[in-house]
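Top line first, the protein sequences correspond to chains X and S. Under this note's numbering, the first residue of the first sequence is numbered 7, with each subsequent residue one higher. Under this note's numbering, the first residue of the second sequence is numbered 667, with each subsequent residue one higher.
If you're looking for bench data, these hints aren't it; they were derived computationally from the structure. No residue lacks a Cβ here, since even glycine has one placed at the ideal position from N, Cα and C. Any given hint might turn out to be false.
Claimed, not checked - Stretches of chain X that chain S covers, calculated by requiring three or more beta carbons in the stretch to come under 8 Å of a beta carbon on chain S: (1) 41-50; (2) 93-103; (3) 155-168; (4) 257-271.
To be verified - Each computed EDC-like pair below joins lysine to aspartate or glutamate, with the alpha-carbon atoms no more than 20 Å apart: (5) S:K942 to S:E840; (6) S:K1050 to X:E53; (7) S:K898 to X:D159; (8) S:K1004 to S:E1017; (9) S:K1050 to S:E888; (10) S:K1050 to X:D69.
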Amino acid sequence: MRASRQSILLFLTPALGGMLLFVFMPIAAALLISFTDFDIYSLGYFERTRVIGLDNYVRVFNDPVFWTAVLNTLYFVGVGAPLTIVVGLFAALALNVPALRFKRLFRMAFFLPVVTTLIAVAVVWRYLYHPRYGLINYALISLGIEPVDWLGDPQWAMPALILLAIWKNFGYSMLIFMAGLQAIPPSLYEAARIDGAGWWQQQWYVTIPQLAPTTLFVTVITLIGYFQFFAEPYVMTQGGPLNSTLSVVLYLYQQGFRWWQMGYASAIAFVLFMMFAAISIVQMLIRQRQYGQLI
Amino acid sequence: MKIRLTGLLILVCLIVSSCYNGSEDIKLTFWAMGSEGEKVKPLIEQFEAENPGIRVKVQAVPWGAAYEKLMTAYAGQALPDVCQLGNTWIPQFAMLGALTSLDSLVTASPIIDAENYFDGSWQTSLVNGHIYGLPWYVDTRLLFYRHDILTEVGFEQPPQTWQQWVEMSRRVREHNEEAYANFFSLIFNDWHVPVILILSNGGQLLRENDCYGAFDDPKTFEALRYYVDFFKNEFAPRSMTEFVNVYQGFTEGRLATWITGPWNINQLRERAPELKGKWRTAPVPAGQGAVSTAGGASLVIFKTSKHKAAARRFLEFMSLPETQETFFQLTNGLPAVKSAWNSPSLRNDPEIQAFFKQLESVAATPAIAEWEQIAVAIQVYMEKAIYEQLTFEEAISELNREVDRILERRRWLLQENLLFLEED
């Protein structure tokens, strides 16, 4: 057994070495940098750097823009993630109706946005959201509703991005839900029908409870993806108007790569990391309560 | 196996020989931004023909990605020999120690002389008394106005003073309640208009050797209030909802004036040919003076360049009045060298001539690394006042505090004598 342990280590070395070099060392460096005022001046001349202790962290906590970004991110996750999951679930249920024709076509159409690059999608959606010529405002006007400056109005910019994100992402949860649906034994539906359950009741009492593990998986994946809210505002709004779509990751990017405030950006990154860690712990505790053990 | 080895050897020989052939010529790499990078080719060919032995490799870098690309190249020691830099970036790269001072070139060259350039634009390349870039093309912001609309409301001449400007705005609004008198591109993160107003009013941007914000300076305060009031009085739109785009708004007559740069002369001519003769350009209305910002781009030589002599030749070539004129014809970039403005294509164009007049009174923004960040802060806090998230007084004091914080590094570096580390 000892020999095999050595060979295990041997085989793991390249992967571990890579991780150490490209993941853990940069993280450690970022942690160190977050205690300094490393910025554009420090780039070629290290003597221009000061160790400033926790100043960056104090600044993060007192920075109203950071908290705006946190609230925006929570808004995006809190509204966007449940809606994406629900839309995905309904799409999966609808595609599971035996009488439906052209299933493959619909499945492909719903999944297509997931594999399309966001940049291409953003260009098209910018046209859709155009205040005057956009299809969405055209529809609103023809229904007699006042047009909306989707990306230009601080109130509407975030809903506009959420709508885009739902459209872009629900196909993925739909696919997972469809796989989950296949795994539900038909006998359960048969039994429900014998008991006199209608279509809605069958979904409520059989499908949804049976899908619980799938839902958990989809929720976790969606939440992880949505907390990294970055590309949508980066391409569509640059965080504006009035910071209404500024996300934490976008703010960190701006501080780091627009202004080269590496020390401050690293501190933001670690605060974000601590927030993620806290959320993960809460999630684990909930799962522990549900299943009686940590998974 | 043997065949493969031979193949490999041949390949190595080929690579080595091709490298060897290349090394007979000096190869200059030149990064140019945006359309300049694509359109400058004929000039490069002319330079290569006149300077056998020097080859120039142009790489076009999109403006949007330029700053990040330059910073990454700086960190990775992969900067080109010659580069086009936006004027406001020069101080930053100078303080990073990335640029070669061009003082000796200016002294030695019969072609290059400070007198040949617009003063305000020359100043943008001066950092701590040393010249780090040669202005390549200039731009500034002007008042583009609808002559027909202004005439209708009784302004045969565009407004010359701030009082006239407000009066004109009020009349335009009364004349047509769907129209706005001005367009200030608030939504495009454009900081130029508030800065132009401050400079025109004789206000200070920063004080004490550019170490603190001076936004509570009475003149600056007045200028910014004047700016915010344009939005409050609905003399300028806050959002774009009502317009398809600025060009259309201007064409439809729902925007009577627009403060913008030379690139829009051709845009307007192409997009709205029916508007010919109805719009004109004029210097910005004067507060204390009619001062605008000195924009544009300069050519710099990076310190890491191994071909500085060839790079200097290239910069000299680009500064010749004839080259500057060709450059204007190729790209529409306004010549930085004044004598190039005597050419017929520039002299007979009234819209462009207004730029010449304005360029005689332009002011450089502070030559510090933090300027861009400060400019964005001005825009952000004014936006807050315009949307009434803050009162105007609060916006000013928060802006000052934010700028003081941004400049804390600069104060420390100056105090420790670490700001200017090496000069050649």
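Outcome of the hint check:
Counting residues of the segment 41-50 of chain X whose beta carbon lies closer than 8 Å to any beta carbon of chain S gives 6, which reaches the threshold of three, so the coverage claim holds. For the segment 93-103 of chain X, the stated coverage by chain S is not satisfied: 0 residues place a CB nearer than 8 Å to a CB of that chain, which falls below the threshold of 3. With a cut-off of 8 Å between beta carbons, the segment 155-168 of chain X has 4 residues touching chain S; three or more are needed, and the interface restraint holds. For the segment 257-271 of chain X, the stated coverage by chain S is satisfied: 4 residues place a CB nearer than 8 Å to a CB of that chain, which reaches the threshold of 3.
For a cut-off of 20 Å, the pair hint linking K942 of chain S to E840 of chain S is broken: about 25 Å separates their Cα positions. The suggested pairing of K1050 of chain S with E53 of chain X is violated, with an alpha-carbon distance near 38 Å, which exceeds 20 Å. About 17 Å separates the Cα atoms of K898 of chain S and D159 of chain X, which keeps this hinted pair within 20 Å; it holds. Straight-line distance between C-alpha atoms of K1004 of chain S and E1017 of chain S comes to about 17 Å, which keeps the hinted pair within the 20 Å bound.
Using a Cα cut-off of 20 Å, the hinted pair K1050 of chain S and E888 of chain S holds, with the two alpha carbons roughly 17 Å apart. Using a Cα cut-off of 20 Å, the hinted pair K1050 of chain S and D69 of chain X holds, with the two alpha carbons roughly 16 Å apart.
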